[in-house]
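Construct the entire structure; sequences and hints are all you get.
Protein chains: 2
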Amino acid sequence: MAVQSSNIMQDQIDQLLQWLSGFGKTEDGGVTRLLYDDSWQQAQEAVKGKMEAMGLEARYDVVGNVFGRFEGTETTDRVIMTGSHIDSVVNGGKYDGAYGVAAAVLAVERLKQAYGRPKQSIEIVSFCEEEGSRFPITFWGSGHITGRLPEGETEALKDADGISIGQAMRACEFEAPASLPLKREDIDSFIELHVEQGGTLKKSNASVGVVSDIVGQRRYHITVEGESNHAGTTPMPERKDAVVLSSELITNITAMARRKDESMVATVGKMEITPNVPNVIASKVVFSLDVRHHSNTLLDEFERELEQLYTTTGKSFGMTVSSDCWMEVEPVPMSKDVYETMYKAAESLHIPSRLMISGAGHDAQVMGSYYPTAMLFVPSEAGVSHSPKEYTKSSDLEQGVKVLEETLFRLAY
Amino acid sequence: MAVQSSNIMQDQIDQLLQWLSGFGKTEDGGVTRLLYDDSWQQAQEAVKGKMEAMGLEARYDVVGNVFGRFEGTETTDRVIMTGSHIDSVVNGGKYDGAYGVAAAVLAVERLKQAYGRPKQSIEIVSFCEEEGSRFPITFWGSGHITGRLPEGETEALKDADGISIGQAMRACEFEAPASLPLKREDIDSFIELHVEQGGTLKKSNASVGVVSDIVGQRRYHITVEGESNHAGTTPMPERKDAVVLSSELITNITAMARRKDESMVATVGKMEITPNVPNVIASKVVFSLDVRHHSNTLLDEFERELEQLYTTTGKSFGMTVSSDCWMEVEPVPMSKDVYETMYKAAESLHIPSRLMISGAGHDAQVMGSYYPTAMLFVPSEAGVSHSPKEYTKSSDLEQGVKVLEETLFRLAY
Chain A
1 MAVQSSNIMQ DQIDQLLQWL SGFGKTEDGG VTRLLYDDSW QQAQEAVKGK MEAMGLEARY
61 DVVGNVFGRF EGTETTDRVI MTGSHIDSVV NGGKYDGAYG VAAAVLAVER LKQAYGRPKQ
121 SIEIVSFCEE EGSRFPITFW GSGHITGRLP EGETEALKDA DGISIGQAMR ACEFEAPASL
181 PLKREDIDSF IELHVEQGGT LKKSNASVGV VSDIVGQRRY HITVEGESNH AGTTPMPERK
241 DAVVLSSELI TNITAMARRK DESMVATVGK MEITPNVPNV IASKVVFSLD VRHHSNTLLD
301 EFERELEQLY TTTGKSFGMT VSSDCWMEVE PVPMSKDVYE TMYKAAESLH IPSRLMISGA
361 GHDAQVMGSY YPTAMLFVPS EAGVSHSPKE YTKSSDLEQG VKVLEETLFR LAY
Chain B
1 MAVQSSNIMQ DQIDQLLQWL SGFGKTEDGG VTRLLYDDSW QQAQEAVKGK MEAMGLEARY
61 DVVGNVFGRF EGTETTDRVI MTGSHIDSVV NGGKYDGAYG VAAAVLAVER LKQAYGRPKQ
121 SIEIVSFCEE EGSRFPITFW GSGHITGRLP EGETEALKDA DGISIGQAMR ACEFEAPASL
181 PLKREDIDSF IELHVEQGGT LKKSNASVGV VSDIVGQRRY HITVEGESNH AGTTPMPERK
241 DAVVLSSELI TNITAMARRK DESMVATVGK MEITPNVPNV IASKVVFSLD VRHHSNTLLD
301 EFERELEQLY TTTGKSFGMT VSSDCWMEVE PVPMSKDVYE TMYKAAESLH IPSRLMISGA
361 GHDAQVMGSY YPTAMLFVPS EAGVSHSPKE YTKSSDLEQG VKVLEETLFR LAY
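Protein chains in written order, with UniProt numbering: chain A, 1 to 413; chain B, 1 to 413.
By construction, these hints were calculated from the structure, which means they are not laboratory data.
There are no misleading hints in this set.
Identical chains blur together in the list; that is why a pair holds if it fits in one copy or across any two.
Below are the BS3-like pairs computed for lysine-lysine, each with C-alpha atoms no more than 27 Å apart in a straight line:
id : residue 1 : residue 2
1  : K260      : K270
2  : K240      : K270
3  : K203      : K393
4  : K48       : K112
5  : K202      : K336
6  : K284      : K202
7  : K393      : K344
8  : K240      : K393
A quick note: this is a predicted structure, and the numbers were derived from the prediction, not measured.
Structure below.
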């Protein structure tokens, strides 16, 4: 492989990210690129232009994913795909998603200059959407090419202004498809680079993290029903206080998750109290619960223990607790073949790496259910993400690109 | 004293309350009469008309309290005052406040018919405001005649539409006073009848409750500051989760209040979580705490224990907890002289009564800080209040009026 001064590569990846962050730049240095909005259109069009300038064959699909194809010399009916998503959360950082696209562009450009065409075709992908920030759906991009989205979503799903995805698509000249595109059957493997969005890599001595599993997620609404009453005239033993019971539950749920397994996480991030008035005992609390682990068996076990907790605690308070699992995402193991190639690539470059579990969802999770998939993390400073403060050092960004380049070389050349 | 058939008296008090509930009637049978709104004006004007029809000398003061004076034959420079407030919460019940006004009207009318003029002047009062439902202030009526309100409130306090109290007063032809009226110095005693708004009387065998003390209230904002982080990528031991710490505190505060004294109550009715998103660890929770007891010493002790709890728990979680006491209402003992007269009045009528503590604030609390004051409760069915479902049986309403009538007779005749 070509050896190039570190500073040049760091400058290149920095410049690509700086350039991308110009689309949808916010006042405090973040980015807002929501599916099909102006900034998103400009960014996706710019990525397509960059691919064309590199000599790749670039195209949109019906929903606005952009693919840049670097045609192989031998195996042309099956592709190695790499990339990530171009959309962001509202006032998000400039690395989440964009890094995976920029890294793919830079790695392929470097391979092209050094070695010319690969044996097997490579495609860079800039997925149109992953975050779910505009419409109430996530993975709109990877969901389409895997053919996993249900029919009829384009008119049913609406943003906060009541605009449907279909309307938004037509407004930027995509055709809202009458029927969904079929699953792409030509993808041999998918590789995604991403910032970690957590603090594990920074705390370890590794420069990159090779992902072995992406956790499953279960999200619940827990409803606690008590009785609204006067805060002054209702003696403590006669209360059915939904806030007090919820507090007891939250304390226990958290303790149970910690005991269950060191990589299990449980989060109550949202609470809605009724009537939410200082001098009235709460009649009702609905709180969210987000539980994640990479083993479905453990998630099942935990769910059963939760149900038992709700029954026991509800009974002891003389109140009712009900739980509704409104989202269930299966854990997705990455392809051992592909991630071992990646791990060995890092090793050959003397880049310290570690195997790790992704606690966040990514396009690699959707892709990994259909195609052999691998994912590489680079460290996030202070673990911060979804914020203008999101930051990864240039030297870390560079290490990631190097591992991707070497992995693509091993797979496609 | 005159003896009259129970049914007639029950009909009289029922009719008075039915008549008053016609002003500001809501769709589901409740009432909404907010300070200076149309329904309020009609109700207060109707009460004034009723007083005049009874032959009393009726007048508004500058803020819209209505007084109906039944001039005494001997002591005319000092009055026995009785009544309550005419305003309501939004979609409240027809007994809260209105019962105290109606009971005063009926009791005085009966005394007048039976015995003519009293020795000492009696005044019926219909306070303009007690609930704090329109403007961010309570006890606007009793606050004025006790001279305890600070200067300059009339233009500073605004309702949800940005209308100041001064504007609202001028709109219904009250003069917003340039300076506040002085405290009335001619009040010998004040007696208020009210529905209990709790379930204590219904559970005991007593028909009426003679109030010995009105509790002090302290209201706090408790702020818990943690760190916002990704719900998937942040291991449990590394979290600074403001929801988890708040839950721990709420559980402990409640348990501490129960241990402290059987008549202490502590309520967390309102919680504000930041950012309040299911998949983000909460960086901040602000919750309300309402603590009530009739002993200031116990309230002080409890406050010191709370401070200790915040420090200890905050430290063990590596987070900060701060507390701000934004409201402090002193406990107010009722006048032993007046409430013993009332207690004996009930006894002479063979009406079972009990001494009790009021856990809610009332006009009697403000008046009790300045004048010898007593308060009588009648039972609330199911303890319900501030709701269209608020209900007190006619026979209970009658018992209250009888005790008031006998008490006024003992004090003024």
